[in-house]
Amino acid sequence: DAGVIQSPRHEVTEMGQEVTLRCKPISGHDYLFWYRQTMMRGLELLIYFNNNVPIDDSGMPEDRFSAKMPNASFSTLKIQPSEPRDSAVYFCASSASHLGSYNSPLHFGNGTRLTVT
Amino acid sequence: AQSVTQLDSQVPVFEEAPVELRCNYSSSVSVYLFWYVQYPNQGLQLLLKYLSGSTLVKGINGFEAEFNKSQTSFHLRKPSVHISDTAEYFCAVRPNTGGFKTIFGAGTRLFVKA
Chain H
1 DAGVIQSPRH EVTEMGQEVT LRCKPISGHD YLFWYRQTMM RGLELLIYFN
51 NNVPIDDSGM PEDRFSAKMP NASFSTLKIQ PSEPRDSAVY FCASSASHLG
101 SYNSPLHFGN GTRLTVT
Chain B
1 AQSVTQLDSQ VPVFEEAPVE LRCNYSSSVS VYLFWYVQYP NQGLQLLLKY
51 LSGSTLVKGI NGFEAEFNKS QTSFHLRKPS VHISDTAEYF CAVRPNTGGF
101 KTIFGAGTRL FVKA
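Quick mapping for you: the protein sequence lines, in order, are chains H and B. Counting from 1, position 102 in the first sequence corresponds to residue 102 in the numbering used here; the numbering is continuous, with no gaps. Counting from 1, position 41 in the second sequence corresponds to residue 41 in the numbering used here; the numbering is continuous, with no gaps.
It is possible that some hints are incorrect.
Simulated restraints on C-beta separations [to be verified]:
no. : chain 1 : residue 1 : chain 2 : residue 2 : range
1   : B       : Phe111    : H       : Pro81     : 33 to 41 Å
2   : H       : Thr76     : B       : Phe111    : 17 to 25 Å
3   : B       : Pro79     : H       : Pro54     : 17 to 25 Å
4   : H       : Phe74     : B       : Lys113    : 38 to 46 Å
5   : H       : Arg113    : B       : Gly53     : 37 to 45 Å
6   : B       : Ser80     : H       : Lys78     : 42 to 50 Å
7   : H       : Ala2      : B       : Ser52     : 27 to 35 Å
8   : B       : Ser70     : H       : Glu44     : 23 to 31 Å
9   : H       : Ser58     : B       : Ile83     : 20 to 28 Å
10  : B       : Ser9      : H       : Pro61     : 32 to 40 Å
11  : H       : Glu14     : B       : Ser54     : 51 to 59 Å
12  : B       : Ser70     : H       : Asp63     : 27 to 35 Å
13  : B       : Gly53     : H       : Ile5      : 33 to 41 Å
To give a feel for the contact side, a few chain B residues facing chain H, derived at Cβ under 8 Å [unchecked claim]:
no. : residue
14  : Gly43
15  : Lys49
16  : Phe104
17  : Ala106
Worth flagging that the hints you see were computed from the coordinates, not collected in a lab. Predicted model only: the values in this text are computed from it and were never measured. Don't be surprised by glycine CBs; every beta carbon is placed ideally from N, CA and C.
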């Protein structure tokens, strides 16, 4: 089990540029989550998918943020245009529901540290 | 809606001493409770979880937590800490009525001194 894989590990970009963060969930997991971690706000849930369909995007801060999950093994989080206040660590996590039960833990990737200058 | 309060932002402790990290939650429905640990430059890893049944749950690395429904608490304990336990610890809550939306506390940084 390779775990949740995120790329890149670090991204430094200039304000106004487009940024794309990538995530490969654990095979067989049907839920995928994007979180953002900052010192000021802690861990914030941005959006999550079930079977590739967005279920709740109420945490997405602005229209500059978008997320897609074209298939069960890949998701992207895009910021366009990026701003310095978007600097944070972005985590992807996945989990599996079993027979309608939702008690499985989240499995996190190692995150992408984004710096917007 | 659910919320989680971790009462201490930082906890310094000497090696081999006991430690308790406090967590209180608020919810109008029954919940699942989790503790995660985050080492530097890594993602969060599950320490333990409470789903139902026995209120004392044991996790990895010698940690345990006790669910107290009347006090809406889920405090994490370890009887003797090691330098390698230095990390950030997150308490999390999820409604057990369906869905995976998980809310995390602000985290407690445990610093173990030699």
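Is the interface hint satisfied for B:Gly43? The criterion is a beta-carbon contact with chain H at less than 8 Å. holds (3 Å)
Agreement of hint B:Lys49 with chain H interface, Cβ distance less than 8 Å: With a minimum Cβ separation of about 6 Å from chain H (threshold 8 Å), the hint on B:Lys49 holds.
Does the Cβ distance between B:Ser70 and H:Asp63 fall inside 27 to 35 Å? violated (44 Å)
Go ahead and decide if the range 17 to 25 Å is satisfied by the Cβ distance of B:Pro79 to H:Pro54. 44 Å Cβ-Cβ, so the 17 to 25 Å window is violated.
Taking 38 to 46 Å as the stated bounds, is the beta-carbon spacing between H:Phe74 and B:Lys113 within them? Hint holds: Cβ distance 43 Å, inside 38 to 46 Å.
Going by Cβ atoms only, is B:Phe104 closer than 8 Å to chain H? holds (4 Å)
Does the Cβ distance between B:Ser80 and H:Lys78 fall inside 42 to 50 Å? Given a distance of about 46 Å, which is inside 42 to 50 Å, the answer is holds.
Tell me if the beta carbons of B:Gly53 and H:Ile5 are separated by a distance inside 33 to 41 Å. For H:Ile5 against B:Gly53, whose Cβ atoms are near 34 Å apart, the range 33 to 41 Å holds.
Checking hints one by one. Is B:Ala106 an interface residue toward chain H, by the C-beta closer than 8 Å rule? holds (4 Å)
CB-CB spacing for B:Ser54 and H:Glu14 relative to the 51 to 59 Å hint: Because 54 Å falls inside the window, the suggested range holds.
B:Phe111 paired with H:Pro81, Cβ distance criterion 33 to 41 Å: holds (39 Å)
Should the hint that H:Arg113 and B:Gly53 are 37 to 45 Å apart at their CB atoms be regarded as holding? holds (39 Å)
Against the hints set out earlier in the document, violations occur for numbers 2, 3, 9, 10 and 12.
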